[in-house]
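Asker: For the record, the sequence lines run as chains A and B.
Residues in the first sequence are numbered consecutively from 1, following my numbering.
Residues in the second sequence are numbered consecutively from 1, following my numbering.
Please note that the accuracy of each hint is not assured.
Each pair may be met inside one copy or between any two copies, as identical chains are not told apart.
Said to hold, decoys possible - In silico DSS-like cross-links for lysine-lysine, where the CA-CA straight-line distance does not exceed 30 Å:
1) K56 with K13
2) K13 with K61
3) K61 with K48
Simulated from the structure, these hints should not be mistaken for lab results.
There are 2 protein chains.
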Amino acid sequence: MCEANAYIYENGKENLYLESVDIMRPEEGKIYLRNLFGEQKIFDGEIKEISLLHHKIVLTKR
Amino acid sequence: MCEANAYIYENGKENLYLESVDIMRPEEGKIYLRNLFGEQKIFDGEIKEISLLHHKIVLTKR
């Protein structure tokens with residue numbers, strides 16, 4: 001499977017925010033995420049970096 | 001492998017922009033992409049949607 005985990009980067013640390021993300025979409029200055037299990041979250045911030053080979057999405061507050 | 005192809009969405013169509021993307025990072029209002037083969041591109045636009053299960057990144061001009 002090719003999903004990735006989303007982390008929030010804050011104070012030099014990455015904290016898990018949502019596992020197994022499938023869909024990610026910027027929406028009105030926020031980031032909409034949906035995972036394999038249908039769980040949805042909206043993060044008030046922005047994308048810092050995505051590494052697909054590492055299955056990793058890093059988000060950060062503005 | 002879990003890379004994705006990046007497409008530009010324009011006029012209702014999706015045109016291939018970069019294959020096998022690994023890294024993607026917003027930078028100064030643009031999108032930096034690097035693929036498995038070390039090829040790098042900077043797209044002057046924004047992310048429309050990512051679907052990891054479909055191995056698909058869709059970018060769009062502002």
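Asker: Taking the hints in turn, state whether each one holds.
Answerer: Now for the hints, and whether the structure bears them out:
no., hint, in the structure
1, K56 with K13, "both (14 Å within a copy, 28 Å between copies)"
2, K13 with K61, "within (13 Å within a copy, 32 Å between copies)"
3, K61 with K48, "both (9 Å within a copy, 19 Å between copies)"
Violation of the numbered hints given earlier is absent; every hint is satisfied by the structure.
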